[in-house]
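Participant: In case you want the letters, here they are:
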Amino acid sequence: MRSFSATGLLALLALCLTPVVGQAREHLQVFVTQPYLELHSGAGRGYPVFNVVPREDSVEVLFRRTDWFKVRTRRGVEGWAAQRDMLKTVLADGSPFTFDLGDRSGFTSHRFELGMFAGEWGGATYISTYGSFSFNSQLAAEVSLGQFLGKFTNGNTIDVGLTHVLMPEWRLSPFFTIGTGIVHLEPKATLVQPTDRTQETAYVGGGLRFYLTRRFFLRAEFRSHYIFTNLNQNQRADEWKGGFAFFF
Amino acid sequence: MERWIRVLLLTVAVATLSGCATVSNWFHHRREAREERAQAREDAKRAEQSPDDDSAPPRVVEPAVERRKISVPRIRSSNIEFGLKYGALSIEDFGTNPVYGLTAAYHVTEDFFFQGEWGRSKAGRTSFETLGGNIQLLTPAERHFTYYDLSLGYNFLPGEAFLGRGVALSSAFYVLGGIGSTDFAGDKKFTVNFGAGYRVLPSDWLAVHIQVQDRVFQSDLLGVTKLTNNIEMSIGTTIYF
Numbered sequence: 001m002r003s004f005s006a007t008g009l010l011a012l013l014a015l016c017l018t019p020v021v022g023q024a025r026e027h028l029q030v031f032v033t034q035p036y037l038e039l040h041s042g043a044g045r046g047y048p049v050f051n052v053v054p055r056e057d058s059v060e061v062l063f064r065r066t067d068w069f070k071v072r073t074r075r076g077v078e079g080w081a082a083q084r085d086m087l088k089t090v091l092a093d094g095s096p097f098t099f100d101l102g103d104r105s106g107f108t109s110h111r112f113e114l115g116m117f118a119g120e121w122g123g124a125t126y127i128s129t130y131g132s133f134s135f136n137s138q139l140a141a142e143v144s145l146g147q148f149l150g151k152f153t154n155g156n157t158i159d160v161g162l163t164h165v166l167m168p169e170w171r172l173s174p175f176f177t178i179g180t181g182i183v184h185l186e187p188k189a190t191l192v193q194p195t196d197r198t199q200e201t202a203y204v205g206g207g208l209r210f211y212l213t214r215r216f217f218l219r220a221e222f223r224s225h226y227i228f229t230n231l232n233q234n235q236r237a238d239e240w241k242g243g244f245a246f247f248f
Numbered sequence: 001m002e003r004w005i006r007v008l009l010l011t012v013a014v015a016t017l018s019g020c021a022t023v024s025n026w027f028h029h030r031r032e033a034r035e036e037r038a039q040a041r042e043d044a045k046r047a048e049q050s051p052d053d054d055s056a057p058p059r060v061v062e063p064a065v066e067r068r069k070i071s072v073p074r075i076r077s078s079n080i081e082f083g084l085k086y087g088a089l090s091i092e093d094f095g096t097n098p099v100y101g102l103t104a105a106y107h108v109t110e111d112f113f114f115q116g117e118w119g120r121s122k123a124g125r126t127s128f129e130t131l132g133g134n135i136q137l138l139t140p141a142e143r144h145f146t147y148y149d150l151s152l153g154y155n156f157l158p159g160e161a162f163l164g165r166g167v168a169l170s171s172a173f174y175v176l177g178g179i180g181s182t183d184f185a186g187d188k189k190f191t192v193n194f195g196a197g198y199r200v201l202p203s204d205w206l207a208v209h210i211q212v213q214d215r216v217f218q219s220d221l222l223g224v225t226k227l228t229n230n231i232e233m234s235i236g237t238t239i240y241f
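These protein sequence lines are chains G and D, in that order. Just so you know, our numbering puts 186 at position 186 of the first sequence, and the rest follows in order with no gaps. Just so you know, our numbering puts 63 at position 63 of the second sequence, and the rest follows in order with no gaps.
Think of the hints as simulated: they come from the structure by calculation, not from any bench. Hints are all accurate, no fakes.
Ranges between beta-carbon positions, derived for each pair:
no.	chain 1	residue 1	chain 2	residue 2	range
1	D	G177	G	Y226	33 to 41 angstroms
2	G	R111	D	R37	43 to 51 angstroms
3	D	T146	G	D57	53 to 61 angstroms
4	G	R197	D	T146	20 to 28 angstroms
5	D	Q218	G	R197	23 to 31 angstroms
6	D	S77	G	P96	14 to 22 angstroms
7	D	R34	G	Q138	42 to 50 angstroms
8	D	A88	G	P35	52 to 60 angstroms
Cβ atoms here follow ideal geometry from the backbone N, Cα and C, with glycine treated the same way.
With the hints as constraints, model all of the structure from the sequences given.
Facilitator: Spelled out as structure tokens, the structure:
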């Protein structure tokens with residue numbers, strides 16, 4: 001049974017590796033319109049230029065890593081071309097080669113966001129991360145995971161909600177958020193033996209996003225959580241957090 | 001005086017005569033231009049409304065070349081790194097023990113990356129336990145040291161490593177810092193981590209890391225509340241997706 005699961009794991013690993021290692025796929029061909037296109041030996045501004053592609057020659061775009069494109073020349077030389085140089089190439093029909101740049105316009109309108117926060121949840125230290133998918137420049141669906149570590153209670157939170165950015169084109173843009181979630185509370189054993197419990201929550205909140213540079217922005221947020229208990233009164237917990245995020 | 005009158009008369013005569021050719025026709029010229037433009041607009045409108053109209057002049061040359069359509073294949077992004085690590089973790093007061101874990105990173109720019117880690121180790125015995133014979137401070141389950149963290153990393157010394165004359169591998173020194181949580185001795189603690197590492201890429205999709213990190217959290221396990229430093233050194237391998 002053990003060897004079977006090991007074989008399974010290996011097979012899974014092999015499956016994961018397949019798309020990376022062995023791939024025969026069609027690559028995009030772009031043409032150089034500037035006097036030449038510089039190829040660097042690594043994906044970074046400091047790496048030396050070891051080859052150039054002359055005007056009207058073409059390169060195949062293999063893949064992209066951050067702001068660099070790995071390209072292959074017609075002679076089979078592979079190197080890294082900077083994003084700003086690739087912007088000046090054209091496709092075979094003469095139209096410009098366009099791609100997502102990761103600049104201020106990307107901050108206004110993008111597909112995905114990821115971020116991490118530190119803060120406070122109901123008085124306890126809180127660590128949280130979130131991911132979001134934007135339907136348009138204003139509306140996004142968001143999932144946040146968090147853990148709070150308090151003096152008397154630890155716990156985890158999962159929230160799912162919608163976020164509406166009021167002025168996405170502003171550098172400092174406010175947003176509102178609303179959603180629902182669950183909280184798992186683990187009271188620390190001090191006097192009586194308490195039991196862990198999981199409860200549903202709903203939240204409403206708002207915050208600010210501030211574009212820093214490239215793909216990064218800061219985000220500060222407040223959420224007011226309503227915890228649905230089976231007592232006469234629902235409980236409330238306030239969440240304050242600040243952190244950074246990036247879009248892609 | 002007489003000369004002045006003659007000059008004046010001559011000037012008037014010259015002005016009027018030269019004007020006959022240019023100025024007098026100017027108004028009509030403008031009118032013609034206006035009419036021409038109106039006609040062109042009307043023609044364009046008519047052509048737009050009835051392109052198949054029989055009255056339209058036949059095309060001399062039918063373009064037989066179809067515009068080439070370029071299908072743009074999606075360019076694969078390779079910014080995500082995922083892998084395993086193994087090393088040694090020095091848990092303050094509990095000795096140095098093996099640690100294993102998972103790492104995942106997203107490279108946002110050529111300089112910055114966002115990294116998440118999860119790791120597990122098992123604490124040894126304190127010197128008090130070793131000297132005291134049968135005394136057990138923690139149960140075996142409480143000895144598990146499990147952590148996760150979220151960090152921001154900065155590649156501050158990118159470069160190349162050379163293997164002989166023919167092979168150059170991309171490499172980078174990086175520093176990273178972040179926050180997370182540590183589950184140890186029956187309690188979870190807010191943990192701050194910081195460290196540095198060296199990454200070398202034998203190929204575009206594979207990286208080998210050597211990393212040293214300190215995880216700092218507040219502990220009151222031994223009676224007094226103090227900040228504990230738990231230094232980890234690990235070697236890991238990651239794959240870029």
